[in-house]
Every structure is written in C-alpha cells, then in structure tokens.
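Taken in sequence, the protein lines are chains A and B.
For the first sequence, position 67 matches number 67 in the numbering used here, and the numbering has no gaps at all.
For the second sequence, position 264 matches number 264 in the numbering used here, and the numbering has no gaps at all.
Treat the hints with care, since some could be wrong.
Any copy will do: because identical chains look the same in the list, a pair fits if it lies in one copy or spans two.
Restricting the straight-line Cα-Cα distance to at most 16 Å, the calculated cross-link-like pairs of lysine to aspartate or glutamate (EDC-like) are [said to hold, decoys possible]:
#	residue 1	residue 2
1	K147	E36
2	K285	D357
3	K64	E43
4	K22	E36
5	K265	E164
6	K147	D196
7	K147	E207
8	K152	D103
Source of the hints: derived by calculation from the structure; they are not laboratory data.
There are 2 protein chains.
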Amino acid sequence: MKKTVLRKYAKLIATKGVNLKKGDTAVIRADLDQPEFIKMLVEECYRAGAAKVEVEWGYAPLTKIHVRNRSVKTLSTVEDWEVAKLNHRAKTLPAMIYILSEDPDGQKGMNQEKNAKAISARMKVIKPIRDGMENKYKWCIAAVPGKAWAKKMFPGEPAGRAMEKLWEAILYTSRVDDDPVAAWDAHNADLKNRCDTLNSMNLVSLEYKSANGTDLKVGLIENALFLGGGEYTLGGEYFNPNIPTEEVFVSPKAGDAEGIVYSSKPLSYQGEVIDNFYIRFEGGKAVEWGAEKGAALLEKLITMDEGAAKLGECALVPQKSPICQSGLTFYNTLFDENAACHLALGMGFSNCIKDYDKYTLEECREMGINNSFVHEDFMIGTDDLSVVGVTKDGKRVQIFKDGNWAF
Amino acid sequence: MKKTVLRKYAKLIATKGVNLKKGDTAVIRADLDQPEFIKMLVEECYRAGAAKVEVEWGYAPLTKIHVRNRSVKTLSTVEDWEVAKLNHRAKTLPAMIYILSEDPDGQKGMNQEKNAKAISARMKVIKPIRDGMENKYKWCIAAVPGKAWAKKMFPGEPAGRAMEKLWEAILYTSRVDDDPVAAWDAHNADLKNRCDTLNSMNLVSLEYKSANGTDLKVGLIENALFLGGGEYTLGGEYFNPNIPTEEVFVSPKAGDAEGIVYSSKPLSYQGEVIDNFYIRFEGGKAVEWGAEKGAALLEKLITMDEGAAKLGECALVPQKSPICQSGLTFYNTLFDENAACHLALGMGFSNCIKDYDKYTLEECREMGINNSFVHEDFMIGTDDLSVVGVTKDGKRVQIFKDGNWAF
C-alpha cells in the first residue's frame with residue numbers, strides 16, 4: 001500500500017479517531033504486524049499535538065502459550081504495579097488507540113475455560129477502575145492487516161497479495177479516499193441526522209421480525225439515546241470510537257426482552273465459530289438457546305456472568321452499508337458488526353441515556369443499562385428484516401423495512 | 001534458519017543463560033524483529049519450569065521520534081506506576097532476558113544531548129532501585145538478527161541472505177552446535193581455570209603496552225576478583241549473563257590509572273562512531289583525550305557524569321577468540337567486546353571483589369568499584385598487546401603476549 005495513503009489513514013485515526021489536542025497523551029495498543037504503520041501513527045499523533053505517545057505492543061500468539069503453561073492463579077494475578085498503572089490511566093485519561101490485526105483463528109485450541117476463569121478474576125480488580133473511566137476519555141479502534149487474518153479472508157491469494165487486498169478492504173470501508181477527514185465529517189452528519197430522528201420519537205420498544213423466525217420485542221429505557229458515529233466524552237471532547245462504523249445503536253432496558261431471535265451470520269467468539277443459533281428471551285433474560293455449531297461455546301458465553309444473559313445493545317445497520325455490499329466477511333467484529341443489524345449480549349453503554357452525565361454509572365445501571373464482563377455482538381440483520389418502533393403514546397413507526405432504513 | 005537449531009538456541013538461553021528453575025518468573029525484552037523466535041523462547045522458559053513469562057516488546061525506531069517530539073520534561077518523567085513496577089521487580093527478582101537485534105545506526109540523527117538529559121533525569125529515579133537489585137537476579141543478553149543490522153553487516157547480500165548469514169554468525173559465535181549445553185559447560189570450565197589462575201596471583205596492577213602507543217598502568221582493588229563466563233547471584237544461582245562471551249574481566253580501582261591508551265577498533269556509541277581515539281589518565285581519571293572521528297561525542301561520553309571519566313572494567317580477550325577470528329565486525333558490543341581486549345569507562349561491577357556478598361554496594365564503591373550512569377566498552381586489543389601483572393610482592397607476570405594468553 002502506498003505510504004501517502006497509509007499516512008492519510010494514520011492522520012484520520014489521530015485526528016478524527018481520538019481527536020488529539022495539544023498536550024494530550026495517547027496510548028497505542030498494537031500487535032507486531034505493521035510496525036511501519038504504527039511508526040507513522042505515532043508521528044501523526046505528535047503532529048496532532050500529543051505531548052506523549054506510548055505504544056504497548058502485544059503478540060496474540062503468546063496468549064495461548066501462557067494459558068497452557070501458567071496456573072489459573074498466576075494467570076489471574078493483577079500485580080500491584082498493574083493496578084497502579086490502571087489508576088494512573090484513570091487519573092490522567094490518555095486517549096486510547098487500539099489497532100487490531102489479529103488472526104481470527106488465533107485462539108483456536110486454547111483452553112477457554114481456564115482463560116475465562118482467569119479473565120473473570122482479573123476483571124474483578126480491573127473493572128471497577130475501568131468503570132471509573134467510562135465516558136471520560138477519547139478512544140478509537142481501527143485495524144491493519146495481519147498475515148493470518150489476510151490469509152483467512154483471501155485464502156486463494158499469495159500472502160503478499162492477500163495483505164494488499166486486506167489493506168484495500170480496510171481503507172475502502174474506513175473511507176480513506178482523497179480526503180478522509182471530509183468523508184468522515186459527511187458520514188457523521190448523516191448518522192447524526194438518523195439519531196436525531198429516532199431520539200425525537202420517544203420510543204419505548206423495538207419489534208424485530210424476519211422470515212427466519214425472529215420475533216423479538218425489546219424494551220427501551222425511558223430517555224434512551226440512539227448514538228452513531230462520533231461521540232462526546234463527559235468533558236465534551238468529540239471522538240470516533242470505531243473506524244469504520246455504520247451503525248446507529250442504543251442500549252436497551254436490561255430486564256425487558258420477550259421473544260426469539262435467530263442469528264443471520266456466524267459469530268466468531270474466542271477463536272471459534274458459533275453458527276445458526278437462536279436465543280429466546282423471557283423477562284429480558286436468555287432462557288433457552290441452541291446452535292447448529294458451537295452450542296457449548298454459546299452456553300459458556302451466555303452463562304459467563306449474570307449480565308451476559310441480557311442484552312446490552314441494539315444496533316441498526318442497513319443491508320446497503322458498504323461493508324455488507326462488499327460481500328466480504330472480515331471475521332472481525334469491528335467490520336462485521338457494520339455489515340448487519342445486531343444485538344449484543346452483556347455490558348451496555350451508559351452514554352445511551354439522555355443527559356447521561358447527570359447520573360452516576362450506578363444510577364444508569366438502575367435505569368436498565370446492563371452490567372457484565374462481556375459485550376458480544378451477534379448479527380441478526382436479514383434482507384427482509386423489519387424493525388418497528390413503538391412510541392410512548394402507542395404509535396407504531398416503521399424504522400427498518402426489508403433490511404434497510406425505512407426513512 | 002532451521003527451527004530445530006533455533007529451538008536449541010532458545011533452550012540454551014532459558015537453561016544455561018538464565019538457568020530457569022521451577023516457579024521462576026522470566027521477563028523477556030525484545031524488539032519486533034523475530035517474534036517467532038521469541039515465541040519459541042517463551043515456550044522453552046516454561047519448559048524449563050517458569051511459572052510466568054512476560055514479554056516486553058520494544059521498537060527502537062520509535063525512540064528517535066519520541067526524542068524529537070517530546071519535551072525534555074516529558075521524556076524525563078518516570079511515572080509512579082513505573083516506579084511501582086521497578087520496585088515490584090526489585091522485590092520479586094525475575095530472571096531478565098534481553099534479546100538484542102537493533103540497527104547499529106538506529107539512533108543516527110537523534111538529538112543525543114536531549115536524550116542524555118532525559119536519561120540522566122530518569123536514572124536518578126531508576127538507578128537506586130536497580131542498585132538494590134544488583135547481583136541478586138539472573139540475567140542474560142543474547143541476540144537475534146534484525147533486518148537493518150544484517151544489512152549493515154552484510155551490505156552486499158540480498159536482505160534474506162544477509163539475515164541468514166547473521167543468524168549463522170550469531171549461532172556460531174554462541175556455540176550453538178549439536179549440543180550447545182555441553183559446549184557451554186566446557187567453555188565455562190576453561191574460563192574458570194583462567195580466572196582461578198589470575199585470582200591466585202594477588203595482582204595489584206596491570207600494565208598494558210602496545211606498539212600503537214598504549215602505555216597504561218591500571219591499579220587493582222585488593223582482593224580483586226577476575227570473572228569470566230558464568231556468574232553466581234548472591235543467592236547462589238548460576239547464570240550466564242552474556243551469550244556469547246569470551247572475556248575474563250575485572251573491575252579496576254577507580255582512582256588508580258596512569259598513562260595513555262589507544263583504541264584498536266571503532267566505538268559505536270549512541271548510533272555514531274568514535275574512531276582512532278586516545279585517552280590519557282592521571283590519578284585514575286581521564287584528563288586528556290582526542291579522536292580522529294567523533295571527538296565531540298567522546299567528550300560527551302567522558303563528561304556524562306563524574307564516574308564516566310574513570311575505568312569500570314579491564315577485560316582480557318585473546319586475538320584467537322572465534323569472534324576475532326571470524327573477522328566480522330558486528331557493530332554490537334555483545335559480540336565486538338569479545339573480539340579484543342578492552343576497557344570500559346563508567347560503572348564497575350561490585351561482584352569483582354572476593355567475598356563481595358559480605359559488603360554493601362556502598363562499601364564496594366569505597367574500595368574502588370566505579371559508580372556512573374554509563375558503562376561503555378572500548379577495544380584496545382592488538383596483535384602485539386602485552387599485559388603484565390604486578391603481584392603484591394612485586395613480581396611481574398606475563399599475562400598476555402602478542403595479543404593472546406601467555407599461560
């Protein structure tokens with residue numbers, strides 16, 4: 001890929017992504033796949049005004065080796081200095097940039113149960129600190145090609161060409177054209193219009209119907225806020241958490257969902273695939289489920305903690321979205337969640353409440369924002385999906401028709 | 001390079017290098033050049049019994065970018081959590097493995113003055129903690145090829161072949177043959193014999209002479225201890241700090257050196273070269289110096305702090321050493337210091353005193369072990385170098401003749 005194009009992408013992440021200002025600190029988390037691009041990104045972060053840029057490298061293939069060789073106790077330990085680091089982050093609130101490139105099959109063969117135990121234990125220490133940071137800092141997730149990922153997406157191509165094609169796919173869906181910054185401004189304006197329309201309707205529930213059997217009614221929190229594209233921190237700083245993004249989403253009322261929903265795409269979870277599955281909800285909670293493939297893993301996901309059985313997100317994505325139209329499966333949620341309407345099991349977003357900054361996180365959760373260690377999207381969008389919104393005064397409004405926006 | 005050979009090398013580092021035992025923690029610091037090898041090394045650490053292996057990745061090309069874009073203040077800051085991490089290391093004493101692969105010219109064009117200021121400031125916080133760890137933990141420095149390094153060493157070769165040749169050079173000089181563990185046992189036995197002989201002589205000074213003008217007398221600490229090959233921690237654990245190593249060395253008496261010494265090989269320092277230089281010592285301190293190339297940088301090195309003008313190490317390496325015989329210049333001290341006799345400016349080694357574990361670090365320094373932020377080797381070995389040892393009772397013993405061991 002041409003360096004000039006990559007530099008535009010790096011600049012897009014540093015400016016539109018985390019919207020760096022003079023004096024900011026930025027932390028970049030990346031795997032080892034594209035050091036040259038990360039170097040460019042570091043430069044663009046400084047150019048945007050950052051006073052300090054830190055890079056935390058990871059190497060995903062080591063995770064499996066650690067899980068195999070360490071005891072659950074050693075895997076679970078969060079050292080004092082790690083807590084000190086998290087607290088430092090919670091205090092100084094650096095902009096966080098997550099650059100994904102992982103092998104979709106990288107965790108295959110890992111002892112997921114052992115890993116889940118360790119994650120649960122670590123999360124008990126980490127999550128309260130993270131909760132304290134919620135909505136306070138700018139963050140952005142974007143992607144770069146990794147060899148194994150490219151090979152998975154383009155199995156017929158030689159390695160170099162597969163990497164090139166993945167760069168093309170990432171840059172195309174991320175709107176890295178002649179002027180990516182202008183493209184993102186236009187895209188954000190469109191998503192904002194749709195959110196404004198939905199937020200003016202005073203919706204109390206969404207009703208999903210599809211010929212595949214989906215028939216689900218999801219209750220919304222009073223004063224629920226539909227979001228899409230850019231977001232604001234509590235301090236009023238604008239940022240784009242996902243590059244790319246096509247969705248308009250809301251966090252539903254955790255205890256209020258009735259009916260059944262069928263998956264429309266495979267769910268890649270912990271390196272394995274759950275496919276052709278359904279979940280039936282009663283009183284907001286998953287009470288029955290099944291899958292043609294990966295049923296045990298689905299059960300593990302749903303029973304991970306109490307909140308994992310409840311919904312944390314309802315996202316609307318038209319079948320006309322570029323990612324859907326590309327016909328590509330990315331085996332990566334950042335992209336694939338933007339290919340179709342989806343729901344998420346697990347943690348909800350407290351900023352999906354009007355004037356959310358007036359409430360504590362605890363109050364948001366009391367209103368119905370779901371709490372969990374996990375947040376896992378699964379796709380339910382189909383070419384015939386209908387979504388009807390029911391307003392506070394009982395009116396029914398067609399929101400999605402035949403898989404696309406009805407307005 | 002064949003995976004079976006690389007695995008032998010990884011095992012050599014995990015077992016002979018840091019001598020991992022059941023329950024140990026190992027920390028590996030590596031650049032991004034050879035993730036596959038690092039993965040093997042992690043596996044071999046676990047196989048040797050490690051309960052936890054951490055990898056800290058670095059990417060040297062970022063250093064220059066950070067130095068250019070951050071303020072001295074931001075570069076100098078050691079965050080509280082970093083102090084907590086260092087203290088955790090000082091308390092738990094993990095085995096440290098440093099895998100080098102850096103571009104010898106990587107720091108070219110960096111603002112060295114700015115960087116040195118920041119390092120000095122950081123060292124004020126870091127060094128007291130590091131001092132507290134001295135001689136208490138197992139550590140090992142070894143190397144793997146990096147692209148820029150390979151290109152520098154084998155400029156005429158295509159990239160892939162240069163990398164292969166560098167692997168060959170590293171593995172050959174590191175004695176990774178059919179049975180590297182046995183080879184290291186034999187090598188260590190030879191170095192130990194030479195140390196035992198030197199340590200039985202009760203030497204009070206070393207006199208260096210060469211036709212190039214070198215005429216230097218260096219005083220030794222009473223009860224000075226010559227070391228070579230493997231070392232012991234204060235807790236009695238054996239380890240090999242350098243792979244490869246050919247030297248037998250001692251820390252001289254910091255305040256006792258008279259005469260002049262001429263360099264025999266270029267010194268690569270902070271990414272730049274100091275060549276054909278001399279240093280004249282009076283009362284143990286460099287008082288006059290000059291260089292055909294890099295004179296300003298030599299001055300910066302010598303005046304870095306008070307201890308940088310004094311000697312911290314005298315190392316004896318025969319011209320017959322495999323690294324010298326290979327004729328290769330590695331542009332990396334780990335190898336090049338094993339190609340010739342050398343001295344070091346800066347920090348001395350407190351374990352170069354007999355029964356050093358009976359003394360505090362402060363007492364060792366009072367006896368003459370030099371203290372400084374820097375430790376920089378420079379080569380003085382020539383084909384005609386003579387080293388004469390003077391014993392406590394005034395006898396003169398030929399130690400090196402014509403650049404090789406005289407006994």
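Do the hints match the structure? See the list:
In this assembly of identical chains, the alpha carbons of K147 and E36 lie at most 16 Å apart whether taken from the same copy (15 Å) or from different copies (13 Å). With identical chains, the CA atoms of K285 and D357 are never at most 16 Å apart, being 27 Å at best within one copy and 64 Å at best between copies. Proximity of K64 and E43 under a CA criterion of 16 Å is satisfied inter-copy only: 11 Å between copies versus 32 Å inside one chain copy. When the C-alpha separation of K22 and E36 is checked against a cutoff of 16 Å, the pair qualifies neither within a copy, at 24 Å, nor between copies, at 38 Å.
Taking the shortest alpha-carbon separations for K265 and E164, neither the intra-copy value of 26 Å nor the inter-copy value of 45 Å comes in at or below 16 Å. In this assembly of identical chains, the alpha carbons of K147 and D196 never lie at most 16 Å apart, being 41 Å within a copy and 53 Å across copies at closest. Taking the closest pair of Cα atoms, K147 and E207 never come within 16 Å of each other, the shortest separation being 41 Å inside a single copy and 58 Å across copies. Taking the shortest Cα distances, K152 and D103 sit within 16 Å of each other inside one copy (8 Å), while across copies they are farther apart (33 Å).
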